[in-house]
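> We have chain A; now place chain B onto it with these hints.
Protein chains: 2
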Amino acid sequence: MLQSKLFTKTRKEAPKDEVAENAKLLIRAGFVHKEMAGVYSYLPLGLRVLRNLENIIREEMNKLGGQELFLSALQGKEIWEKTNRWDDRVVDNWFKTKLKNNAELSLAFTHEEPIARIMSQFVSSYKDLPFSAYQFQVKFRNEARAKSGIMRAREFLMKDLYSFSRNENEHDSFYKKAKEAYERIFASVGLADVTYITFASGGSFSKYSHEFQTICETGEDIIYVSEDKKIAVNKEVYDDKTLKDLGLKKEELKEKKAIEVGNIFSLGTKFSDAFNLYYADENGEKHPVIMGCYGLGVSRLMGAIVEIFSDEKGIIWPESVAPFRVHLLRLGESSEIASHADSVYAGLQKAGIEVLYDERKDASAGEKFADSDLIGIPWRVVVSAKTSASGKLELKNRKTGEVKMINEEDLLNHVK
Amino acid sequence: MLQSKLFTKTRKEAPKDEVAENAKLLIRAGFVHKEMAGVYSYLPLGLRVLRNLENIIREEMNKLGGQELFLSALQGKEIWEKTNRWDDRVVDNWFKTKLKNNAELSLAFTHEEPIARIMSQFVSSYKDLPFSAYQFQVKFRNEARAKSGIMRAREFLMKDLYSFSRNENEHDSFYKKAKEAYERIFASVGLADVTYITFASGGSFSKYSHEFQTICETGEDIIYVSEDKKIAVNKEVYDDKTLKDLGLKKEELKEKKAIEVGNIFSLGTKFSDAFNLYYADENGEKHPVIMGCYGLGVSRLMGAIVEIFSDEKGIIWPESVAPFRVHLLRLGESSEIASHADSVYAGLQKAGIEVLYDERKDASAGEKFADSDLIGIPWRVVVSAKTSASGKLELKNRKTGEVKMINEEDLLNHVK
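Just so you know, the protein sequences line up as chains A and B, in that order.
Just so you know, we're using the numbering used here here: the first sequence kicks off at 1 and counts up by one.
Just so you know, we're using the numbering used here here: the second sequence kicks off at 1 and counts up by one.
Calculated from the structure, these hints are not laboratory results.
Do not take every clue at face value.
What the hints assert, rightly or not - When the alpha-carbon atoms are kept at most 30 Å apart in a straight line, the in silico DSS-like pairs for lysine-lysine are as follows:
#, chain 1, residue 1, chain 2, residue 2
1, A, LYS286, B, LYS16
2, A, LYS98, A, LYS179
3, A, LYS127, B, LYS386
All values reported here derive from a predicted model rather than from experimental measurement.
Chain A on its own, in the form it takes in the complex (with noise of 0.2 Å):
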């Protein structure tokens, strides 16, 4: 794409109430909006990198054989309060409005309500089960303080999946793999080394959940990390009895500051219960359905990349989720050079390499380099007056800073 054709522009400032630095940095590189505190839209280059984090998660979800769905925000009131969840003081969080005849409706928090009263309908026989569903929708949560920019937002887009299964064993197989699948979409996002499975409050169905923890000094939570186990407790139940259970010592633990980028449920028979999700087996005996739950904030996860790979030049993207792959910055305006440069664009478009092409007449090179930093493309191919004498172009990789001057045919292998 051509960057003056894009309607964003970097910024110097953040916005002065703005105080998480990845919304911050965000914000100055055009990738979000602000429209109050804990709420943001995506603009152009945010929302490309939202998909890309869609489509990385999709593709996990798809292999655990899910089926995409996509449920509505509004709810009515009768769903919650059958699982006790309606009162306020049960759910510190609700965003709530009305219909025109005063029927209360919630903006949905999360899904386990809506989803299982639906597969109610469905699931009849025992040869309805195993199966998985999962949407990437909006949670609304009204959170009191929002100071986190992007990760902890009160309007966000969460991927959330849920397995109904026949029974413990069918329901520990899936959440194996579901696990498996979490483990390799941090490992795809640059996240495998700095992100724990944690065990956290199971709630009143399994002792523990599992978060997923990236450790990042902005992070609201509280873990304890065994490295060279790689795994870690959450403080709320960090206490002997955990730590007996899971076979570790208070000394191999270290304390950190985390962000919970995903986490992972079983629920039991408690949504099933509520919303009569049972099915008969083999001998016409019914029985609940075991239902799992297992969310990531694709928008948070978003914001714990930007707090994590970033530096005081700017953000530093991971190539899978980088709004573009290369950078092409064309310096100076001699119709050699321009012709140059279009013709490196040219070339790159067609082996198919997403460009930002950075052929603004009225920006400096200091101001384009300095864009290129903040905006944080992975590769920056700057074709200038003296790339163009040497027959060669310039090519950095903003993660390792590293620059070398490269032989046009070698660009490809280089930012392939």
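Just chain B now, kept in the frame of chain A:
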């Protein structure tokens, strides 16, 4: 996809409270789930149709140079006060909610205000214009009545495009191109013949706006159609003055019921003025940006398609939006039939054709045929004892009803 794995099932009856034909069929066939009046969730088959529509529309928006973004649903009161739209007496279909600190928020029913505010940060010079931006985003409208299924929902998916121009000429030229893009969209979903560009009320800044109205017995609008000239007039502006403006005579117009599937509006400077969306021209003089907005209800369009393309047996999806291209039915459980059907399935998949493969063992031939007609996939292919014996396949076109026996090697030529 294997139909035995699809968690949805068809049902004989729609919910008793559902009065709209589109929702009845979509619920019975397992495309959507009704959460409450006017609020629907999209199940796997329904989401596939929605995504196909999105892709058709996105392609046209990108051709117009539109940049995709994604604005938040939650919006602060202050921006709607700037244009005098916060008051419930002005906008009668608000959903509103509150933050913990009691600050009032709205669920956006449209996005002119937020997008004008965003653009005021990025536009300062004539060099920044013209451009356009669009999104696929859910809109929330608190309809007093919601009796038209997904054709008029309280929560629905909309594509909204906004254009930003320096002057009326530039605006008119974009507006014309957008109109043509809309015509191509309706043509590619098979609605060209029954969709009329319709003159409607223009608001404060232009004499008329343009609606795209699809003739449909269950539509909520009344329009007056000139079949010869392929234009129509909305009842709201149907008077002698309008007829004179458009050079139409009463005698040539027919009254029809219709559903508004799109509308395009010149907004003039209403929102630019409210949000200081100004640019400086070559001489440094400031001018407000000329805006246009171009809406298209994606889920509404899906509903209209079902209303128009269906018969007493079920839905008849146009090929461009169908959830699958081929519905492959396996009738009979002999290993010969099974392996024959499996190989047809593999062959279609290899050719990149999307296939729903009904290999269910517990459904009769009659049930499979009825389900296939109800779900409405364009091509039905049957593998049975009869076809296997003859070495042929039975191919049925859902739209024409034509059935023929074809050689297997000709299958791709027919369904591609």
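> What are the numbers of the hints the structure violates, in ascending order?
When the structure is compared with the hints, only number 2 turns out to be violated.
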